[in-house]
Each structure stands twice: as structure tokens, then as C-alpha cells.
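Trainee: Dock chains B, C, D and E against the given chain A, drawing on the hints supplied.
As they're listed, the protein sequences go chains A, B, C, D and E.
Going by numbering that gives the first Met the number 0, the letters in the first sequence line up with residues 0 to 306, in that order.
Going by numbering that gives the first Met the number 0, the letters in the second sequence line up with residues 0 to 664, in that order.
Going by numbering that gives the first Met the number 0, the letters in the third sequence line up with residues 0 to 165, in that order.
Going by numbering that gives the first Met the number 0, the letters in the fourth sequence line up with residues 0 to 222, in that order.
Going by numbering that gives the first Met the number 0, the letters in the fifth sequence line up with residues 0 to 292, in that order.
Only pairs whose alpha carbons sit at most 30 angstroms apart, straight line, appear in this in silico DSBU-like list of lysine-lysine:
1. B:K533 x C:K119
2. D:K48 x E:K88
3. A:K299 x B:K232
4. B:K412 x C:K119
5. E:K102 x D:K207
6. B:K340 x A:K299
7. B:K340 x C:K119
8. B:K127 x A:K220
9. A:K81 x A:K21
10. B:K474 x E:K146
11. B:K29 x C:K12
Keep in mind that the hints were calculated from the coordinates and are not lab data.
Residue strings, one per chain:
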Amino acid sequence: MTQPIDTSIYIAITEAIRDEAKRLLLEGQVSAVIGYAGARRKGSAQPVIISQAEDAAKLIFSPASVNNLALYLTKAKKEIPKNGKIGIVVKGCDLKAIVGLMGESQLKREELYLIGVPCAGVLASTAQPSTGLTAETIAPKCTECNAHLPAGCDYVPNVQLPAPLQLEEKYIAEITRLEALTPVERWAYWKEQFAKCIKCYACRQVCPFCFCEQCLCDRNKPQMVESTPRPAGNTAWHIVRAMHLAGRCAGCAECERVCPMDIPLNLLNRKMAKELKELYAYEAGFEVNDKGPLSTFDEKDDQSFIK
Amino acid sequence: MSRIGVFVCHCGENISRTVDVERVAAQVGKLPGVAFATDYKYMCSDPGQNLLKKAIIEQKLSHVVVAACSPRMHERTFRKAVESAGINPFLCEMANIREHCSWVHENREEATVKAIEIVGMMVERVKKNRVLPTITVPVTKRSLVIGGGIAGIQAALDIADCGHEVVLVEREPSIGGHMAQLSETFPTLDCSQCIMTPKMVDVANHPKIKLYSYSEIELVEGYIGNFQVTIRKKARSVDEDKCTGCGLCMEKCPIKKIPSKFDCNLGMRTAIYVPFPQAVPNTPVIDRENCTKFKTGKCGLCQKVCGPGAVDYEQEDRLIVEPVGAIVVATGFDLYTINEKPKGSMIKGYGEFGHGKIPDVIDGMTFERLASASGPTGGKILRPSDGKEPKQIVFIQCIGSRAREKGISYCSKVCCMYTAKHTMLYHHKVHDGQAYVFFMDARTPGKSYDEFWRRSIEEEEAVYIRGMVSRLYQKGDKIVVMGSDIAVGVQVEIEADMVVLATAIQPQKGADTLAQKLGISYDKYNFYSEAHAKLRPVECATAGIYLAGACQGPKDIPDTVSQASAAAAKVMTLFAKDQLEREPIVARVREAGCVGCFYCKKVCPYGAVEEKEIRDRQGNLIRVVAYVNPGVCGGCGTCQATCPSKSVELDGYTDEQIVAMIEAL
Amino acid sequence: MHSEKQKHSFEPKIIAFVCTWCTYAGADLAGTSRMQYPSNVRVLKFPCTGRIDPVFILKAFQQGADGVLVSGCHPGDCHYIAGNFHARRRFAAFRKLLEFVGVDLNRLQFSWVSAAEGGKWVEVVTDLTEKVRAMGPMAEFKQLALEEQWSGTIGTPELKEAYNAI
Amino acid sequence: MQSLSRHFTLMSTVQFLIGGILLSIKGCFVKKKKMIISQETMDVDFVRKVEALSGTSVRRCFQCGKCSAGCPMATFMEHPPNRVVRLLQLGQWQRILAGRSIWYCASCETCTTRCPNKVDLTSIMDALRKLSWDAEGASKESYVQLANKLFLQNIRTYGRQYEMRLAAVFNVKSGQFLKDLMLGPKLISKGKLKMFQSKNKNLSEIEKIFTRIEEMRRKGEAL
Amino acid sequence: MKEKLNYSYYPGCSLHASAGEYDLSTRELFKKLKIGLTEVPDWFCCGATPAHNVDELLSLSLCAKNLELADKVEGDLAVACAACFSRLKTTQNVLSESEVKRKQVEKAIDAPVILDSHVKHLLEILARDLGPERLAQSVNKPLSGLKVACYYGCLLTRPTDVPNLDCVEAPTIMEDVLKAVGAETVAWTHRMECCGANFTLSRPGVVIQLTNAILDSAKAAGADCVMVACPLCHGNLDIRQKEIEGVYSVNYNLPVFYLTQLVGLAVGLGPDKLGLAAMMVNPLPLLKEKGLL
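Looking at chain A on its own, in the form it has when it is part of the complex (with noise of 0.2 angstroms):
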């Protein structure tokens, strides 16, 4: 049975959405927007960027606005404008990710004008653009999501955002059964999932925290990671990915969505946000930390593993 998800409240969001950045760059608040517009297939969106008030109607919200644009704020940002405040459309997921990277210095406060956007959800990378939000269609990181509602902005939409289904929390159970299985049975698991990559990147270049310009694994002076798509290479990558990421990331999901070979990615990342809340009770994300879990300690932290 399919249950689906409210998302009547969209239509008001998008409107909202369009008169805030109308008004912000007739009165030159900011230089340009970031935010989704509608793209070629029916029902789907793109992210956009807008500096003329006219294109402000371009924008929209939709359960097809997936993509986290706060990657447009420091790697992608050759079209933006140099100057001037930025406004951007932001889901409570996105939010984390920018709260993240101004704790690494990558951006300032006070050079965003922060749009949030009240979320009921996204669709999942597998269903189409067309779709209803569905229990089945929805990302599988919104059935987690603990931010529908971001907090912080310079504005929000004032609609009222229905009370959130109770869905099953699809990566805490799967990092529960894989947890339950033997080390040889992970491997096994993951042997196979890391086989699937062919080193696009795809997932490094939608990943807003990596956002290094010279990545660790691209070095041959010396080569740390193994470069070629074989499973030794891939398996490593992904490891040092998912250690790189360990309390910074935040789950926006990107990489999986991503992915062209459907490796579960996230899955990496939540388990290792999941032992850092466990370990030093850090949850990436919530507020703007000057260090975070592994670049700070406690001197009676946990050392029962060292003997």
C-alpha cells in the first residue's frame, strides 16, 4: 500500500519563494539567487541561478527540488556573482551542510540571505519526476529527516507544514542488519557494493564538504588511494571517503542520489555519524561549531579499545 505524502503546500512555498527573491533583488539585498526552476521533463526540476527580479517567477519548489544547493555557494560557484550578498533556496537537509562548511571557513553568515524552505520531503532518485511524494517514492533520507522545518533563516514561508508521516527509517535499518551480520558477511556486502564503482567521482563532485582542490586520492606523490576503477582501489576510496566525511557530513544524500552504479553510500556516512553521536554525542549540522568531533577531544574520552 502506498501512503501518500501532503505536499498541497508546495504550491504556496513556490509563490512565497518567488515574491521573497523578487524583493531581495529589486532591492538589491542580494546579487543573485540560487534556487530550482522547472526543467525539460515534465515534473522535474533544476537548480538555477537568478540575478534579474524578471527571472524570480522562473523559480519553484517541487518534491523534484532535490538537489542540495549549497554546492553552488563554494565549488560550483563560477556563476555567481562575486560581489554582494547571495540569497539561496534552502531544505532544512541543505541548511546543514551550509551550517557545516562556515564551522570550515568556506562561507560566511553574513554573506547569505538564507530562503528556508518548510519540507514535507523529496523523491527518491529512483522514482520519476512526475511522481507523487509517496511512502515508496519519498528519499529514503527524508523517512530520517529531523529538520523539515530550518531553523535560522532569514525567511521563511509562513505555511503551515502537515505533521510528518512516521515512516520506516530506512538507513537505520540497514545499518542495523548489516551490523548484526559476521565482519566476513560485511565484507562480503561490501566487496560487492564497491566492485560496482567505476571512479566517476560523480559522488566527490556533488559533495558539498569535498571541496578540496587537490583531492588526497588524485595524488600519485605519493599515491595513497589507488586511482584505477579496480575493486582494491574502489574499496579504499570509499573508506577514506566515508572517514573524511565522519562528523561533517550531514546527510544530504547527494552522492547516493547520484551514484550511476547505486552504491549505498549514505549508508557509510550515517553510520559514521551515528557512532560520533554515540562516541561524543555530536550531531552534525545543528549549529555552527568551531571544531568538530575529530578535530577537538575530551581527556577522559572513551579508550577502552586501546590497551
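Mentor: Below, chains B, C, D and E without anything else, positioned relative to chain A:
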């Protein structure tokens, strides 16, 4: 292409006994990049170093690997040698095939294979080594001395006499330490206070010495040549500048029955007090735990009688920061007590000796106070229990020391001699008394020491009994000593009036905490570790910190004074230059790769990472990257392990070098 | 007491990443005290455990290590003030990750060995060697290294279609 | 051991006495001889056996004499405890076994408790007594061992200890028929010595333990 | 109120023979204090000192077997006899340190050795598990005015780190218990000297000499009586007292009580329940004099 030279050392037989060194040289010689490989009996010897230098020149070597002992032992030696042959010292590496191989394995085949692999690893590493220029940093020519006992006093005076400023920090209200407590000293029997107090006064009057008494070290930051030391000056409740040392406050203080720590609880002191009459500084301190004013708010007599108005109840602890270039640690020792120790403590007390509850069983320091002319009995040997003169006195040596069951396995070094001295002092003062000494071995190495010990037996008629004591118990007003004489093979029982225990020497309480502040290492007993047991006995492994006296291990006064002067000499050597060369093992930022996330800055324990703005020619800010101040960087490499893009690299431990080693496996 | 040296069918390769101030010095002490331990361990010296990048552990396994030891100064003893505290967190997280991808954590040992603990060094190295010896070779990474290409199954219909079209 | 404990006949008692006398003569002989020390005369194997049985190292002892100082029985011994360890260090076990020191140890653990070097002298004494009995059988001094053996025989037969039988048999076997004669009836009247007792129901278990140990020894799996 | 205390009980051979009064008073006392006590069925002799003197492996095996039997009964194991207590604790200690010996013992008893069970002497149960406060609450006839010399003997505390009952050289656990029941304790010198129990049978001469020193010291310290927690100590101090008085021409007349007899007295048990009649040195005159009967 690199031309690597490999030199395999036999270390006499230390390596060649278990490692086939010729085979190692032959095998390693075949590795790509190795141009020359040989073995030699003693690489560290002069001929060995000459062999190395000659090979570098003749074979036009570009890098060198010496396979020998631990780099902690001879890395400096060989780096110096290659430098004199014209190669940057950091292109020389050592492969440890002694401590990590020949000494820990018996099987020759296994050890040889392992040695080949170790050397192979270092060959791959050295290929990736880079020329590193020496880094120079300025030297603050002021020194900190921690501890105002004889060691600290000697070191402070030596350094100050050389014209450099000294900051001397003492935990107690007065300097003087344990030596001020002693009565007479072996082997000359000169009065301890007579030779000690003039030195204390010298410290007080020296224009180059800044004395912080009743103070402790709070925090140490920085590095050799440039330390920032925060000192906690505890609230003395008496203004040192105003106090004239008249002593009226002590006379009037109504609380007079506080056991004096200086007199080993034999004598009493007041709540406002100086520990002993010759104290330096001669400024009293209020013991706030026992003072009525602090306990109830009433009294205040001392303030009323103080002419200059020096008594200040409101005084608070003060934190003072002192910049210094070198630190001498001279925190001294503490005595083992036979009292019951808390459960789980490595050290145990002596239940068989009554756990310190028999009043006339005392330790050596208490005996010193009894024998001291300025002590609580005016130099008369009297029993603490009833004030009678003991006619039968038993000394027992090695209490705590050399007793691994009690938690300490080392020899405390001074007890044999001071017990011999005690028997003499006793005989001089109680002519009709008899002293007995239970001992295992008499350890008397030292100039005129054995003669001194023999004198106590032959002239002062002490009876030495070779054998230990099993139990002590009070019987009436006597103490029954159950011992044995192993030479005769019989049990011995003595009904003694007093028993003196030569208890072990231990580091001061809190020695480990101070070591952690200083970043120096210590052994399982908390004695501080020297950099090298033989060749660098007064230096710590941490540059710029030196050791003097019993904090490093049990020592008598002559040894302590020698070591203190040696430490002072080391400090003066450091101060002889204006600039200090330091190992260039520091982190460097590859600006091209740095994205300015500043994870390095977040984890740096030294605060060495700064933010650096990169601007274009017009002065527009392009981006902000990290910059590591090489003078401040300690060289731990935590930044590099944390940097996501590996844009900061620790020279000498680059990823390239490490990965080369892993790949060589 | 000298026990007969046993012959083993499998000699594991153990790689130890140690800090120079405590554990390396502790291993030196084991040497100067002439203690004996299995010759399987290869020591890589770092200034501090803080310098040890998790990637090195991964790299070591990939290079054929059957067991990895990471060892440094006890908390509070770090020569560099706090390097070992950072390392402690980093490795607490990293071992969880390795465990999750299916690495048996019995092959990865962490320890604090001070410069005074030659005996502990011997104990830690001997224990790890024997433990790993009993487990047998670390097959996972070795097999992986031998595989040239995709060994996964063609699960989805799209993939099947694409494959058939080649 | 089985024959000793099971069939302790009058015959063995006689042997026990004669053996004891012979040994004591030998003892005097050994004691006066100069100690010639060489690798051959220092019996390291014996010392190793003592160390294995007692689980303690004799080399740790540095002859401080604290054991002898506190030993309640030292006055009865010709070699005080510290010297027993010293002789072991020199591999001169014959000198120890020829004497009576080990038979006068009361197993009070005072020496072990106070030893500064964690030498477990009580266990060393146990080991020496066992090895002595194994090597030489009964000796004149080993009354104690006779009592001990009977004690164990009792356990094997009854599973528990019966003091009445133990005392009676001991007196017969050791030839001291009248020892403590006066105590017996008094104790019986106070109910302290029971004349008859029921056997333990689990006796086959205890027999199995004895048999298994004997078998392990036969196969050389245990000392 | 804490949960009810429950123990399995290993009386040991002596308590079923010469020390019957110790067994009787223990059972009665525990009943009175409402502490559960279940005798381990079919226990064996622990081997005591003779076994380890002759044959350590046998000694360890016997104790290991008893530990196994005791483990089948619920509760920590309560032991009354100091020798049994010492052997059972030593066995756990030796076998947890030596794997070789543990394997041999496991072979001998054909069962795994139980190393983690708690073996407790009665003293521990009274002084720690029950505690002085609760013990004092049960007292209805305080032993005031009775001066007791507490005799620890060898095996209760020695050697270091094995029985872990109390401080190995200066224990106070007996005094703690007695103070709780209102008795006075004396400080004396021979409270931990050996009585020579090992030689009771084989060398009575030695025993008499050692025991005399102990009685002499207790008397000199002004004690009215001696308290023991071991049937072997009791054997020497009580049974041989008359004999010693004869040999040394002295008059001690020191009744020797078991721990449970004195505590039992304080909580109101009668002489018949404490087996006072079985004592060789008649305690009744003393108890009457102190008004305790």
C-alpha cells in the same frame, strides 16, 4: 637517480651475533638506487665514521642509511658525519637493527630476514627524504629553575653568576629543601645548615635571581629558547615587600600547637609561621587551614600587631607569566613511609613494622631533626613517646628500597651512608648507648665513603648485623626487633628503645603532574628520565629542559651539586648563542592545495598555525590559507593527519616517506 | 627458561605505527633489556600518534599486513601535549568504520606503551602476533588486490540490458 | 604412591626407620664436605623442577634473611630458610634433603608474606618435600610426611578426614604407641573424636581424581 | 533493608569432627541472623596443609572439585575453617596465574575450574556482607566487660594478595566484629604468630612450645579469653592448654571461643546451641562472672 650508501654495523658482536650482517649488506646492495653497501665492526667509532665519509666522497653518494642501533642513540652522530662529508644531514637515516632486531630475537635466520626488511624500508624512505635547511630561532636568555633545594640553589647561583637572569620557583614558603633539615653530612660530618644557609642568603641577595617562594608551576608553553611559564604565586597572606621579618606576629599567634612539617612533626609551630628560623625569604605565611581568622573570622591578632601592616587576609593566588629560554627541574625527593597505603597503590607499607603506629619507630629524616642542634630537642636524641634517651637503638636499612614486593626495586643509594653517620652521631651523643644496624649490603662507593662506614664499626662501635628484620612490635616500653644474622644462621632478637628506619627515596608527590606540564618523560616510579643514561645525563629528551638532583634518581649531596652545576653549564651553553638552531622537523603548508578549512589550526597543540591572506597584485583578497610558524611548531604532525587534502606536510615525516616505507613491506 | 622455538606454518606480517617518544623508546628498552618477542613486527616511527593518518592503516592492510598495531604515549604523557588525544578520537572512529566494512578488529590493535614499558611492548607485540597467527592471513585485502575488474553481479535489468548490448 | 598410601604395612614402617637412619648418616657426611662448585655439581635440573612446582624463582632471592628472621620454626632447623634458598641457588639440594629443615616448616606463610622479592618460600618448601619423598622415600625426619600421607590416604578412602583413625594409625606407624594417650578418651567424651563415621556418597569421584593424577604422572604429563 | 543474604556452606572435615561446636554455633548463629546457609552436598576434604605439603597437584584438584560442587549451590561460598578458606583461595589464585597447572587440574577433575566464584570466610560475611551496623542491631546481650584476645593465626590473611581478607600484617576484621557485639579487644603481640597446627600429630613438642608463647602473650595483655576462627588453632590453644600448663607450670585458664560462639552469645543464643560444653577449658565460670550467662 639517487645513489644510496648503506652501512651495516656489527656493533661489536651486539648485532652480528644474531644478524648475518654481511648477508644484509649484500642483499640490500641489490636494491635499486643503492650504489654502495658495506658492513663494519663499529660504525659509530672514528674509523667507522671515516669509512662513511670516505664512501660518500668516493662513491658520490646522495643518501645514506646506517643500519645499526636505535636512532635515539646515534642519529645525531651519523647526521653530523654525513654533513661533514657534504651531504645534508636529513638525507641520512638509521635502520634500527639492534634494539628492534638483534637484541630481541634469537633465531639468526629470522633476525637476518627482519634486518634486511628493516634496512630495505629505510632505503625506500631515504629516497624520498628532502634536503632540509636548519631553522634558527631566537633565545630568551633567562632561565627557570623549579625547586629551591640544594640542587635548584646551586643551579640558580651558577647560571646567575654567569650573568643570566634566573627565575627560581619553590613550592614551600622557604627555599632550602631537605638539606636544610639535615644535622650533619657524610663523610665529613660538617653541619648541614652551616654550609647551606649562606647559599640560601646568596640566592636572596643575588641581583639576577628572582625568587618565587610558596609558588607552583601552573602552565608551560613554548619550546626551547622560548618558553612561556605561568607561575601560581599562592596567597601567603603576608605582603613580602612590607614584611620586615620581625617575627612579632608569630610570637602573638595564639595557635601554637601545629605539628611542624620541617621538624618531622616532632616540634610545633604557629598558624602564621616561617618553617625554620633561617628561612629565605624570612617572610611568614599564614596556614589558612589552621588559622582562627580564616576558620571563624575572629582573631586577627597578627594583623593588629604587625607594624608595617604586612598581614593581608584578602590576598589571593596570583598568576604570573615569565618568558624563559631554558628550564632546570630540581624538584627533589620525598621519603617512603611505612604507613598503610591506599588499596591499589603500587607502593605498600610495612604492616609487619606496625604501619607507622609505634611511636618510637622513626625514619631517618626524623632522626636528623633529633640530632640537629637547631632541632626540636636541641640536638639531644630523645624518644618521641616519652622523651627518654634511648640506650639500645636499632637501625634498619633498605626499608622500601630493594623490595619489589613493597613496590620499589631500586636502591636508594644514600641510606647506607647516612645510617653509618647516624650511628656515629648517636654514639657521640649517647656515650653509654649501643647502636645496632640490620643491613643486607653496605653500599659505599664514593670518595672516603667506605672508610667512613668502617669507622662507624671500628671506632664508634656500631654493631652491624647482616640480615633483615621480620617484625617489630611494642612490648611494654620496648620495641622487640625480630631479626636474623645470616652469617651465623640464627635468629636475633633485640629489645630496643628506639628503631630508625632507612626508608626509601621517592620522587616528590605530584612529580608526574609537573612532568606532564613540562612534556618530559618519567619512569614508573615518577623519576624524571634523562635523554641518555650515560651521555646526556642532565638533559631531558625535551629540548631546553634539564634535570638536577634527586628528581632524576636517588642522589647524595655531592652528586646533586655536581649535577646541578652540570645542568647550569648546559643552560649556559644554550645561552652562549643568540640564535638557536633547531631540528627542521616542522610542518609546512602547500599553499596551492590549501582550501583554508583550518582543521590544522583546530588541532595544533602549539597554536602554530596562522591564517594567511593571499592577495592579487591589486591587493584583492583571493583566499585565506594556513601558515605554520616554524618557530612555534613542535613537529607532532597532527595537522597533517587531519588535513583532508594533505596540504600541510611535516618535514622529515612526509606522506611520501611513510608510504614508501609501507610499500617496501 | 628457554622454550623450544616452535615452527609455525603461518608467519603473520605485523606493522606497528609507533610514536618516537614513548613506544619507540619502549621498544628500545625491550631491546636493551634483551627481552624476546616474535620477529614478525616491522616498526614505523612517527613523531607522534597524532601524525598517524588512518590511510596508513588502510595502506598497510593493502600492502599485505595481517595485523596492524598503533601505539603511543599514555594520555597525559604526550610529548606534543595532546597529539595522542586527537589520535584516540580519530582511531576510535576509524576502527568503527573498518568494522562496518567487514574488517575483523582483532587484527587492529591500539595501545599505550610508555618509554618505561619495555615489558608491555613485548606483551602487546607478542599477543597481537599470536592472535593474528591464530586467525590466519588477512585474506580480504589480498584477494581484492588480485581482482582486476568488476566482480559484482549484474543485478538490475538496466545493467543486464547494457551488458547484453556490448 | 598408590602402594605407599594403600598398603602401608609394618614392613614399610621398618624400611622407613632404617632408611631414615641411613640417610642421617649420609647427611652428616655431606654436611662436612667442602662445597666443590662447578657446572657439574650445581644441579640445575633439580632447581628447575623446584621452580616449576613452586611457581617461583629462586634466583630472585638476595639473601636478606627476612624469612629466617620471622620463621617460627627457624630455631629447629639446621639450615634456616634463607640458607635453604641459598643452597638451591647453588644447586646443592642434597645438602637440604640430608637435613631436617624442610620437615620443620610449618607452612605458616610468614616468609612468603614478608619476602621483599616475592619468593614464595612456602611453595618451595612444599616442592622440596615432594621431591625429597619421590627421590629418597621416607626419611628419619619425615614424620610429618608420614602424617601427611596418611591424611591423604584417609581422603582417598573416606573422602573426608577422620581424626581418630588418623591419630591411631599415625601412632602405630611411627612407633609412638603411647603418644597423646591421655588426650584420646577425653576428646571422645567431649564428642571431639568420632569413632565411626558414614562415608561420603561421592567416593567414586575422589578415587577418579587420584587415579587420573597417577596416570598423568605415569605418562609424564605432570610432576 | 538490604536483600536477604544467602550462602552455600563448606564446613570442612574438622567441623564434622573435633570442631563440632564450631559447626553447631555457625548454623545456629546464621539461623538467628536470618542468613541462608546451604551445605554443599557431598563435599570432599580440601586436603588442608598435608595435601599441598606432599602433593600440590592433588591439593589443587581437591579444592577445584569442591569449588565445582559448591558452584551448583546458589550464593557465595561460606567457609568456616581458616585452612579450608586458605586452600580454596590459594587454588583460585594459583590456577588463575598458571595455565599449565590449570590444565593439569582440569584433566584431573575432568571439569573446568571455577575461578571467579566468591569464597568467603565467616568473618567476611559478618564484618562486610552483613556489616557491623546490622550485626549490632541483632545484639541483645552485649559482651561488655569481656576482654578478648583475637587470634588470627597464619592462614586467614597470609600470604599477600591471596586471601585478601584484610591487611595481611595488621588486620582488624576480628576486632571489628567483636566491637559490633560490644566486647572489648586487647592489643597483644602474638595474634598472628604460628601455633604449629601442621605438627599437631607429628611433633607435639613443637606445638606446645609455640602455643605456649601465644597463650603467654594473650595472658600478659590482660585477656579473659581468646577468640579464633579456625578449628586447628582451636585444637592447639584449647585442647592442649592443660598439657601446656603442666609442662610450663603455669596457669592460663583462658577459654578459647570460636568466632561464632562469641557472636552467638551476644545475639542471645544459649550454651547448648553454641556447644560450650565441648570446650576443654570450661568457659562457664568466666561467662558467669561477667554476667553473660
